[in-house]
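Undergrad: In the order they appear, the protein sequences are chains P and R.
Numbering follows my numbering, in which position 28 of the first sequence is assigned residue number 28; successive positions increment by one, without gaps.
Numbering follows my numbering, in which position 154 of the second sequence is assigned residue number 154; successive positions increment by one, without gaps.
Please note: incorrect hints may appear among the correct ones.
With the C-beta cut set under 7 angstroms, the calculated list includes, among others, these residues of chain P facing chain R [stated by the list, open to error]:
hint : residue
1    : 102
2    : 105
3    : 136
With the C-beta cut set under 10 angstroms, the calculated list includes, among others, these residues of chain P facing chain R [unchecked claim]:
hint : residue
4    : 108
5    : 211
6    : 230
Because the hints were derived from the structure by calculation, they are not lab data.
Keep in mind the model is a prediction, meaning the values are calculated, not measured.
The beta carbon of each residue, even a glycine, is placed where N, CA and C say it ideally should be.
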Amino acid sequence: MSPTDPTSGPPLLTVRGLTKSFGPRQVLGSVDLDVVGGQVLAVVGSSGSGKTTLLRCLNGLEIPDAGTVQIAEVAVDFARRPSRTALGRLRDRSAMVFQHHNLFPHRTVLQNITEGPLVVQRRPRAQVEAEALALLRRVGLAERRDAYPSQLSGGEQQRVGILRALALHPRLLLFDEPTSALDPELVGDVLTLMRDLAVEGWTMVVVTHELQFARDVAHQVAFVDQGRVAELGPPSQVLGDPRHERTRQFVRRLLHPL
Amino acid sequence: MPPVDWDLALRSLGPIALGAVRGTVPLAVVSFAGGMLLAVGVALARLSRHRVLSGAGRAYVSVIRGTPLLVQLFVVFYGLPSLGLVIDPWPSAIIAFSLNVGGYGAEIVRAAILSVPKGQWEAAHVIGMSHRQSLTRIVLPQAARVSVPPLSNTFIALVKDTSLASLILVTELFRRAQQVAAFSQQFMLLYLEAALVYWVICLVLSAGQGRLEKRLDRYVAH
Ligand SMILES: Nc1ncnc2c1ncn2[C@@H]1O[C@H](COP(=O)(O)OP(=O)(O)OP(=O)(O)O)[C@@H](O)[C@H]1O
Ligand SMILES: [Mg+2]
Numbered sequence: 001m002s003p004t005d006p007t008s009g010p011p012l013l014t015v016r017g018l019t020k021s022f023g024p025r026q027v028l029g030s031v032d033l034d035v036v037g038g039q040v041l042a043v044v045g046s047s048g049s050g051k052t053t054l055l056r057c058l059n060g061l062e063i064p065d066a067g068t069v070q071i072a073e074v075a076v077d078f079a080r081r082p083s084r085t086a087l088g089r090l091r092d093r094s095a096m097v098f099q100h101h102n103l104f105p106h107r108t109v110l111q112n113i114t115e116g117p118l119v120v121q122r123r124p125r126a127q128v129e130a131e132a133l134a135l136l137r138r139v140g141l142a143e144r145r146d147a148y149p150s151q152l153s154g155g156e157q158q159r160v161g162i163l164r165a166l167a168l169h170p171r172l173l174l175f176d177e178p179t180s181a182l183d184p185e186l187v188g189d190v191l192t193l194m195r196d197l198a199v200e201g202w203t204m205v206v207v208t209h210e211l212q213f214a215r216d217v218a219h220q221v222a223f224v225d226q227g228r229v230a231e232l233g234p235p236s237q238v239l240g241d242p243r244h245e246r247t248r249q250f251v252r253r254l255l256h257p258l
Numbered sequence: 001m002p003p004v005d006w007d008l009a010l011r012s013l014g015p016i017a018l019g020a021v022r023g024t025v026p027l028a029v030v031s032f033a034g035g036m037l038l039a040v041g042v043a044l045a046r047l048s049r050h051r052v053l054s055g056a057g058r059a060y061v062s063v064i065r066g067t068p069l070l071v072q073l074f075v076v077f078y079g080l081p082s083l084g085l086v087i088d089p090w091p092s093a094i095i096a097f098s099l100n101v102g103g104y105g106a107e108i109v110r111a112a113i114l115s116v117p118k119g120q121w122e123a124a125h126v127i128g129m130s131h132r133q134s135l136t137r138i139v140l141p142q143a144a145r146v147s148v149p150p151l152s153n154t155f156i157a158l159v160k161d162t163s164l165a166s167l168i169l170v171t172e173l174f175r176r177a178q179q180v181a182a183f184s185q186q187f188m189l190l191y192l193e194a195a196l197v198y199w200v201i202c203l204v205l206s207a208g209q210g211r212l213e214k215r216l217d218r219y220v221a222h
């Protein structure tokens with residue numbers, strides 16, 4: 001049985017034997033994952049369990065010690081130190097949304113979105129800007145196109161962060177707790193946009209503490225514990241009826257924080 | 001105290017101002033430009049993972065900051081000829097001042113680059129930028145904003161330090177004042193006049209710094 005059962009279709013993301021240590025401390029211990037094209041994988045787990053590190057290994061922001069990552073047709077084996085070209089191809093297939101958006105403060109909203117397509121992908125300006133405007137219109141931020149990130153609310157900033165990722169036409173979207181730095185009343189708009197993207201068929205890996213979002217949107221949930229995928233399955237199972245005691249404790253703590 | 005010779009004060013203003021326009025200002029501007037090119041290069045060398053490169057950068061900064069500017073100036077102008085390398089006063093001054101600004105500027109630029117959050121590099125990498133693109137398009141523009149105030153200080157200090165060039169025979173503001181003073185024997189008057197002209201130049205520069213900061217500030221939240 002492949003880890004992605006009972007879902008079907010070829011995997012867009014395949015991870016095998018991913019390990020990562022920081023000095024003597026092993027943070028990821030042999031992680032295997034598959035994400036079918038068009039599906040959403042939610043990654044949950046307690047603080048320090050290795051979720052961010054896992055995500056950053058997928059696009060080479062961290063270089064794993066061993067293991068393979070394949071996104072679409074690009075496969076990188078980290079047994080040897082990967083070449084810049086290999087990392088570049090991996091990054092070309094994926095885009096990441098950060099917890100703290102990391103928008104470029106000296107660039108306007110529009111420039112943040114068009115920077116990658118123009119400068120890196122060298123696509124024609126007219127086309128890139130039209131597309132960026134369409135994206136902005138879609139999230140209701142078209143009239144903020146010339147604002148600087150510091151002039152936006154946290155929720156707006158994070159939506160621009162998502163648009164910046166979408167504009168690159170990636171095959172895979174990576175999210176690292178995109179709402180956990182936001183005030184509660186700003187979370188909704190961001191989650192709504194992410195829901196829409198899931199419905200449109202974007203392939204996404206989302207590290208999140210929003211269990212409701214994981215339940216509603218994710219096809220698969222991976223519970224990460226001490227650098228390993230301790231439980232993987234559909235949300236109804238992992239979040240609704242966890243097999244492992246650690247998962248059960250985690251879900252209980254999140255649902256009843258007191 | 002003898003009465004102020006206003007006539008002399010007025011007549012000497014011409015040569016002194018000419019010394020500023022033909023000497024002090026171009027000397028400072030050219031040296032600063034050269035120094036900044038050096039500074040960025042040395043800052044990048046110091047930040048590089050390459051041991052020899054970063055070591056060389058560190059040594060350079062250490063020597064420049066650890067020796068008096070006047071000595072640096074004399075080494076270039078009076079010292080190098082004994083090695084068979086004779087350089088005219090003007091190029092000597094530009095070389096010495098550029099090297100000096102390069103050393104101080106490198107530390108400012110290095111700190112400014114380090115002050116840009118790591119997430120900016122990562123965001124640039126994630127959208128596919130190379131190291132060079134990330135540096136020139138994302139990191140350096142933000143570092144520039146941070147380094148304007150300290151670099152302005154460096155520039156203003158340089159303007160005043162160019163008076164040392166009078167000691168290697170460059171005809172600039174202060175040397176003009178000295179010449180008139182020697183001729184008229186009105187030392188107090190002429191040196192105060194020179195001081196006043198330096199001060200005015202620095203006032204103009206400070207105003208320019210304010211405007212530049214405002215311009216670069218447009219993206220910072222208020
Ligand atoms: N660059 C680094 N150097 C050293 N240790 C690190 C580094 N990055 C992460 N770690 C350690 O690796 C472990 C996993 O960190 P990671 O950020 O992946 O956890 P996480 O599951 O994302 O936690 P959180 O929910 O708090 O974001 C932590 O113990 C962390 O201290
Ligand atoms: Mg994390």
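Undergrad: Next, verify each hint and record whether it holds.
TA: Hints and how they fare:
{"no.": "1", "hint": "102", "result": "holds, 4 angstroms"}
{"no.": "2", "hint": "105", "result": "holds, 5 angstroms"}
{"no.": "3", "hint": "136", "result": "violated, 17 angstroms"}
{"no.": "4", "hint": "108", "result": "holds, 8 angstroms"}
{"no.": "5", "hint": "211", "result": "violated, 26 angstroms"}
{"no.": "6", "hint": "230", "result": "violated, 28 angstroms"}
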